[in-house]
Amino acid sequence: MRYIFKFPDIGEGLDEGTIAEWYVVKGQQVSSGDALVKMETDKVVTDIPSPKTGVIAAVYGKIGETIKVGDPLVEIEMEGIAGAAAVAEVQKVLVEEVVEEGAGVVGTLEVAGNNAYMPASEEGVDADAAHVSKPVKKALATPVARAMAKEMGVDINLVTGSGPAGRVMTADIKKYFESSKRMEDQAKQIPQLAEDRISYKPLSQLRKTIAKNMINSKHSAAHMTMHEEVEISELIRVREKYKTILAAEGIKLSFLPFILKAVALSLKKFPSLNSEIDMENNRMVYKNYFNIGIAVDTEDGLLVPVIYDADKLSIKQLAEKVTEIADKARDRKLSMNDMKDGTFTITNYGSIGGIFATPVINYPQAGILGIGRLIEKPIFRGEEVVKGRFFPLSLSVDHRIVDGGEVTRFVNTLTAYLNDPVSMIIE
Amino acid sequence: MINIQKYILPDLDIMDSTEAVSACVWQPDRTYLVLGQSNKAETSLDMVAVLADQITVMKRPSGGETVILTPNTIVIAVSFATETLKNPRAYFHTINESIMAVLAQHGVKNLLQKGISDIAIGEKKILGSSIYRKPKRVLYHAVLNMAEDISIIAKYIRHPAKEPDYRQGRSHAEFVTSLMAEGYEIHIEHLMAEIRERFAPENNGAMAVLLNG
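Line by line, the protein sequences give chains A and B. Numbers given in my numbering equal positions in the first sequence, counted from 1, plus 3. Numbers given in my numbering equal positions in the second sequence, counted from 1, plus 60.
Certain hints may be false.
To be verified - Taking beta-carbon pairs under 8 Å as the criterion, some of the chain B residues facing chain A (in silico):
no. : residue
1   : Val117
2   : Pro121
3   : Ser122
4   : Gly124
5   : Pro148
6   : His153
7   : Thr154
8   : Ser177
9   : Glu183
10  : Ser190
11  : Tyr192
12  : Arg193
13  : Lys222
14  : Gln228
15  : Gly229
16  : Glu234
Said to hold, decoys possible - Under the rule of at most 30 Å between Cα atoms (straight-line distance), these lysine-lysine pairs were calculated in the DSSO-like manner:
no. : chain 1 : residue 1 : chain 2 : residue 2
17  : B       : Lys100    : A       : Lys65
18  : A       : Lys71     : B       : Lys169
19  : A       : Lys331    : A       : Lys246
Note that these hints are calculated values from the structure, not bench results. The C-beta atom is built at its ideal place from N, Cα and C for all residues, glycine as well.
Generate the whole structure from the sequences, applying the supplied hints.
If you want it as structure tokens, here you go:
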């Protein structure tokens, strides 16, 4: 009997490895446990032992070649094992099958056993069986359901069971059959796209990094977004007054320095928003510094330069920093040093448009504040209806770190500062 | 042409130990460049600088990228018997945690496990490690930068082909640091003794449970 041994998952979460050294050649006798090959992944070199005793019938891959988990490594001819014994031998490795009587069900239920990941596990497949089918996991089902699946040409092992303990029912078979048929019909209806209707452009390194970071954030953090509006008539008045004064010094005073100051002061009062969670070590990491990143839309893509120790800078100094990083971004002079060690991020998409958003956290930070475009609407001031000017705020946080109450208190503090900007100076 | 020597440094000996856990903590006597199992000298090293300074180059049996060993670094190796083959991340985590505990006793703050197997102070790496796994025994070894000038890394070692996520394209100078550069002047002999103590035979039971449990 011929046994194919496939490259097993060695547990790093990686799906490939490089062949570093072969310990066996074709025709060599091996015993179960003998090292077959030395494989290398990012940080680990491991000798892969043989799961079976026999003669090496084929060796796949050359030294230096990278192979995927599940690719064949060797074929082992297991001497003296044939017929029913061979089937039993494969089953020992392939699926630890347990047979039990299912309560309330007519017939026998088959339950697939769990599989070890290394080394002699489901990676091994009987050579003959490999060309016929891949019975990796057997579905739990009644004989009636099995008969129906056979009749309808459905592979019952692909059907998700809705019965007790995931048992596949006749209704599941029908549903699967109809769904498969519908997908087949839809596929037939998709017209062939002419090549001139699609163009391709290779991903830039920045786009790849953005994509990776965004997905990592969405997969790793428990995103939650809170929306609020802050009335900023007083902020507009103060800004107008000092904009002219600072312009004489060549400093452009936008709203952003005020927002930066308000965020830095609020973060000092709510340290959890300026922290990260270290799940590996079961602890929180609180940052006693306040480095605030500003998401900048550039022609190349999104960049997040950081204003370091924002809490220690005056609004005038923050205005200078904002101008500096904006100039660097425009001139493509931002370096890695300008963009590292951020502890919180602000994204001011309102300068382009938009009111509310659900910003993606700059992982592993705890939060990101989105600022929408300035909007005007009537408000009551005493008994009078006057014009109100608002900034829409969208704060996304990692809900693993911050609870809703804390987020609300943070937003209340932030809006209080922006509503009454002089309070930032008094503090 | 660089002559790549077989790895003959002290820590490999403990791979043949019959102890449940065996450790070897040592200080290199001079500068060595150690290639990872699949690294090539011509792509990993600045050949001109290496040849000019006549640096010894070796290839270790474990994975990972090229490292530099100098008298300002210490090498920490731990080997242990294992009947089960756990996810290597668990081994890295357990051993690195022990090393971090020793460093924390010296007041080192903001220690984090980063990437697959690094220890960092904040976002800067101070220790890199790798594993060589045989069916019934695992060898972990690591280099801890006590006080080495980071410029020496850039002098001999090129930017690696693979890097952990948290490196984010940073140069050696931006990515790596030493305990001294971070303001921690720890007596090297004392630290080595304390790390040995962590993995000493009397503590083997607990460590073996951690590694195999």
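- Task: Find the hints from earlier in the document that the structure breaks and name them by number, from lowest to highest.
- Result: 1, 7 and 18
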